Amino acid sequence: MAIRERLSGNEATAIAMKQINPDVVAAFPITPSTEVPQYFASFVADGSVDTEFVAVESEHSAMSACIGAQAAGGRAMTATSANGLALMWELLYIAASSRLPIVMATINRALSGPINIHNDHSDAMGARDSGWIQLYSETNQEAYDNMLMAHRIAEHPDVMLPLMVCQDGFITSHAIENIDLLEDDKVKAFVGEYNPEHYLLNKENPIAVGPLDLQPYYFEHKKQQAEAMKNAKKVILDVSEEFYKLTGRKYGLFEEYKTDDADAVIVLINSTAGTAKYVADQYRAQGKKVGVIKIRVYRPFPVDEIAQALSKFKAVAVLDKADSFNAAGGPLFTDITSALYAKGIFGPKVINYIYGLGGRDVRTNDIEVVYNKLLEIAETGKLDSVYNYLGVRE
Amino acid sequence: MGKVVEIRWHGRGGQGAKTASLLLADAAFNTGKYIQGFPEYGPERMGAPITAYNRISDERLTIHSNIYEPDYVVVVDDTLLTSVDVTAGLKESGAIIVNTSKSPEEIRPLLKGYKGKVCTIDAKTISIETLGKYFPNTPMLGAVVKVSGVMDEKKFLEDMVGSFKHKFASKPEVIEGNIKALERSLQEVKGL
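For the protein sequence lines, the chains are A and B, in the order given. First residue of the first sequence: 1316, per my numbering; consecutive thereafter. First residue of the second sequence: 32, per my numbering; consecutive thereafter.
The set of hints was computed from the structure by calculation and includes no laboratory data. Since this is a predicted model, take the numbers as computed values, not measurements. There may be inaccurate statements among the hints.
What the hints assert, rightly or not - DMTMM-like cross-link-like pairs, simulated, lysine to aspartate or glutamate; straight-line CA separation at most 25 Å:
(1) B:Lys-198 with A:Asp-1596
(2) B:Lys-198 with A:Asp-1495
(3) A:Lys-1627 with A:Glu-1683
As the list claims (entries may be wrong) - Derived contacts from chain A toward chain B, CB cut-off under 7 Å, selection only:
(4) Ile-1491
(5) Ser-1586
(6) Thr-1590
Every residue gets a Cβ at the ideal spot worked out from N, C-alpha and C, and that includes glycine.
Excised from the complex, chain B in its bound form (with noise of 0.2 Å):
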């Protein structure tokens, strides 16, 4: 049967959040879903708060609206926990995905009373150690696969290395990273 899985992405203009969404519209699509992946503009600056959706399901998706009751939430900077209602919505029964180097421990206090499941990841430093470079992206999605259940990670791992190779066919030193990152952000997510 067709559950729908919500999921709604916070994160700072330029950081890549609505690309990380339409990432895991993509990797979901390879398996063979229904999906919905899309930002919600406004006047975009690099640094301002944005928020990106996706809808992920076995049935053919209708509904045209943002999400206010999302499965999982995913905050791609830790510093908007202050300053955005990232739990506003989300459903106890799912799980707050957190890039982090703090313990989801140390993040509980500052989600306003949410009792679901809060999960860490250390996307920085996988991003720095297998890429050389700050880009949150790849391992986030690792983690939001790990953290959902949302698709066989197996699966996804196999359309990534695939999908990787093309995107990067020109730049192939970066294929062997982001597999890296991957792999490291399906096993190094804090709070399962």
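This is chain A alone, in the form it adopts within the complex (with noise of 0.2 Å):
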């Protein structure tokens, strides 16, 4: 029987790892984040954790922290936001490149500068290409959700990448709502025992994590990491099924509302689907046929499946919560572009709309304004501008 909860997306997230209790948490306090490393700190405080709790000086000691407890054998976790997740950065690509499975909590947050609390997705779209596998949440449950399925994804034998569990910083990180948690016994024996082939410890079995690697392996290495990317979609779909078996929720690599029959869909990321699901049925109401994808898995990115899926639509926009400032359109418009092309297909029309940067708060009528640009262009097949602001004032 699951137990019926409200909680924050913070407190949902240090619940998972209160369950997950790994060997070592290294972080850093940065708002909105805070509260995940206050909970766990206060698990570990009260012993219902065994963690080594490491409170280190900055996130760049954080990650470092994790890659060596991790490399040691353990399991690493951490939490972070914006530029605390920039502090990482180098230490982003040492933990991916040396192949450690570290599960971090990333709560989406503004990029400085300017400097801002509030949320976007400029922070973790950063790191799209530091070689960690993204999941995002629309709600605290989602959140709760991967954190509970990340260990199993990332330390797959045919996977070994560091995950992150991203979600948007106060919308749902601290936003007190309802969700349903596992027991601890089943969160114990789904997540399971972490046994790495190799690790630092192992004295019967040494080896070197972190060496120079010149022109002989290097190339070979990184081959060996983009396959391990490309591994991670099948993992992620079985250790989803194993987890839809346990609880009856459904995951996948996006998550499909309302398309069946539709003609314009909207495209976005975490708690912003969840407005344009309500948009989306009161636009049903009227017998206007549009739907949303959700992407939850943006890396790795689901490029045959999100090109399959999109096909069928007359008119699409993407919804971007942050710029690539490339001055074309955001990262995730430019990865469905290009999914698009590289399947051959061009039937439907692709838009783009940066929203929200900052927490400017995405209202309704900001997605209707979406709906009936698409069912314009749905109508008529014709595209005035595809990379646009939604909202902004000008």
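With the hints as a guide, bring the two chains together.
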């Protein structure tokens, strides 16, 4: 039986971490992720976990400590946001290339500057090429569920890559909502033990971690890393299927909401997907054929599946809560249009909106603006502007 | 059917409007509802105006934005009435609930022509007489439940007694005061 609860996204994340009971948590506080290590530290203090909590002096050290702990053979976790993630930058790449399945809660916040504590995706989008698996969460429930699946995915022998579970800062991290929790013993059984094949503290089979790797092998190692990311897709689906059998909650690479006969579809990430679903329901009640696709797995990017899913629509708007400053569109838009091109799908007209930067509230009427535009494009086939800002004052 | 009740709280940093919104979410959750309780975070300073929100529904809530057309507005500090547009978007079928010693008739002229129901509750007097200190949260919570009818009063009271006993297990002396504050607030709302 599920445990009916009401928790903020940060509380849900900390409780998932408590149930996982990792060997090491190393973290440095930054809004809006601070509560995650704060709650977790209280679990350490009251003895409900036996984790070694390392209160470091920066996020650079937090990720360094996680790398050390994971390389030693332990399970290491951390949490951060925005500039904290940016300060981890060089270590993110080292964790991924060292094939260390560290798991991190990323509570998405606008990356400075100008300095801003509120939500957008500029922090995690900047880390999209670091070699980390990225799972995104619409709600506190999804943040919790993704965290419970994280180690099974990251630690799979075909993968062995670090993984970040992202959710929207404040919007879900600090909002109390209903959630169904799993019992501790079920989580324990589902997550299982971490038994790495190679680790530093194994004196029977000594290894080096992070040595110089020049022309003879660096290239091959990078190819292996790329293969691991490709393998992750199947592992994510397998683990999600197993999780579905356990909980009844179904997760794929992305969620398709009311898309079966849709003409106009919004593609987006995280909490605004819920607002888009609300508007889609209202438009459906008026007989308008609209739907929502919410990306859960952004790295690896589900190129084949997303191209296939989008192929049947007339008009698609990709909403990006971060700009790439390439003067052409946001990161999700770029990935989606390239997926369509690579698969030879030229049917749907695709436009991009940058939205909600720095925590600008995204209202139902913002989503209506997008659907109205898409329905117009679907009807006329005419496309006037591809790269747009949604609701910005000019 | 799942009609969503939307509530906006106005208070000043440090007065507990955020906590009150979370308490309301808790109380509604305990009566089986789907809830959202979230503050609008800004550069928080003691005394600065702050806003918090609740959505309460019989069905799962998916919307994730602030509330612009609330059914109810709760004003925890009546000095905000002259500085914040507290009735912005407030539905005329709903109500505003103000913590003040004044009557609804005295408050209405400050509300920019709002035509809906104006309710007042003297949370300060109730709080000082029952708790010995100024903690407006508990009486405001009672007033919101009373005015909005968002949950069954009796069930609400029973549940709150339980949660006070749990929350103040180490301070049993305040349990009785909080229960009294709730009971009084349910009776003393004016303008119903």
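Among all the numbered hints in the text so far, which are the ones the structure does not match?
Of the numbered hints given earlier, the structure breaks just one, which is hint 1.
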